[in-house]
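Number of protein chains: 2
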Amino acid sequence: MIVTEFVLDARLEKDSELVTHLGLCQLRLMKDARWPWLMLVPQRADMVESFELAPLDQAMLTFETNLVATALKTVTKARKINIGAIGNVVSQLHVHVVARHEGDENWPRPIWGHGLATPWNEDEKKSFLQSLSKELSA
Amino acid sequence: MIVTEFVLDARLEKDSELVTHLGLCQLRLMKDARWPWLMLVPQRADMVESFELAPLDQAMLTFETNLVATALKTVTKARKINIGAIGNVVSQLHVHVVARHEGDENWPRPIWGHGLATPWNEDEKKSFLQSLSKELSA
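Keeping their order, the protein sequence lines are chains D and A.
Residue numbers for the first sequence follow this note's numbering, so the first one is -11 and each next one is one higher.
Residue numbers for the second sequence follow this note's numbering, so the first one is -11 and each next one is one higher.
Any given hint could turn out to be false.
No copy is singled out in the list; a pair is fine if it fits within one copy or between any two copies.
Mimicking DMTMM-like on lysine to aspartate or glutamate, the simulated pairs with C-alpha atoms at most 20 angstroms apart in a straight line are [unchecked claim]:
{"hint": "1", "residue 1": "Lys61", "residue 2": "Asp92"}
{"hint": "2", "residue 1": "Lys61", "residue 2": "Asp34"}
{"hint": "3", "residue 1": "Lys114", "residue 2": "Glu(-7)"}
{"hint": "4", "residue 1": "Lys2", "residue 2": "Glu93"}
{"hint": "5", "residue 1": "Lys122", "residue 2": "Asp34"}
{"hint": "6", "residue 1": "Lys65", "residue 2": "Glu37"}
{"hint": "7", "residue 1": "Lys61", "residue 2": "Glu123"}
{"hint": "8", "residue 1": "Lys61", "residue 2": "Glu37"}
{"hint": "9", "residue 1": "Lys61", "residue 2": "Glu40"}
None of these hints come from the bench; they were simulated from the model.
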């Protein structure tokens, strides 16, 4: 039996930065300041679809997604949290968790595939991640 | 204590038709033949975000979503299943499960907010739903 290890997809790595490790997932921040946009990547090798995960991992992914979504809603006071597992471009399983506000870029349409990323201001990013980390550990 | 009952949002009702009742969710087919596009609506009153569901309901929603996604992938031989809980327009909690094929309309971008719905051919719809129901009860 050959055991393959989890390796983060190169494009996901380039487009995001690590925030923290949860039990199953890497929690990452997208390098795009247009929306508060997080991503969970289950650290399991060769996963494409959420339903390919082992049952316990499916439950963990739900738990961690909802944990992060709750914290993100609290921190951003978002009108709506958008959650999506799409993966048409990058097939490695990853779940987007995005805070949306009325009138934000492309509202009320989805964010994916829209326009070009805007870099974060370093101070704003630091402040956002501090608030998020505090809320996640509350 | 006032107990409010689940009532399907009028727009979700207009844009989709009932396929079957799962344990928690209504499984519905979108009235748009451009993609095999299903929707799960948890039958709980006043729900907007998945993380507002009771913990057991969160687990059920994951289970039913993955059950439906697995069946949809088998029936359609899709390249990728797209799963999303967005709700910027219709706030009642609903989860999209969509079969995507390389080169389908708007590939590899998401389907939401793209163009206008195409009605199903009745025979094709019947055939698709028969295959899906068979797979769901397998």
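Structure-based check of all given hints:
Proximity of Lys61 to Asp92 under the C-alpha cut-off of 20 angstroms is restricted to the intra-copy arrangement: shortest distance 15 angstroms within a copy versus 34 angstroms between copies. In this homomeric assembly, Lys61 and Asp34 come within 20 angstroms of each other (Cα to Cα) only across copies, at 17 angstroms, whereas the closest approach inside a single copy is 31 angstroms. With identical chains, the CA atoms of Lys114 and Glu(-7) are never at most 20 angstroms apart, being 31 angstroms at best within one copy and 43 angstroms at best between copies. In this assembly of identical chains, Lys2 and Glu93 lie within 20 angstroms of each other by CA distance neither inside one copy nor across copies; the values are 22 angstroms within and 28 angstroms between.
Taking the shortest Cα distances, Lys122 and Asp34 never come within 20 angstroms of each other, neither inside one copy (32 angstroms) nor across copies (29 angstroms). Taking the shortest Cα distances, Lys65 and Glu37 sit within 20 angstroms of each other only across copies (13 angstroms), while inside one copy they are farther apart (30 angstroms). Taking the closest pair of Cα atoms, Lys61 and Glu123 come within 20 angstroms of each other only inside a single copy of the chain (10 angstroms); across copies the shortest separation is 37 angstroms, beyond that limit. For a Cα distance limit of 20 angstroms, the shortest separation of Lys61 from Glu37 across copies, 10 angstroms, qualifies, whereas the shortest one inside one copy, 26 angstroms, does not.
For the homomeric pair Lys61 and Glu40, the shortest alpha-carbon distance between copies (11 angstroms) is at most 20 angstroms, but the shortest distance inside one copy (28 angstroms) is not.
This entry does not satisfy hints 3, 4 and 5, going by the numbered hints stated previously.
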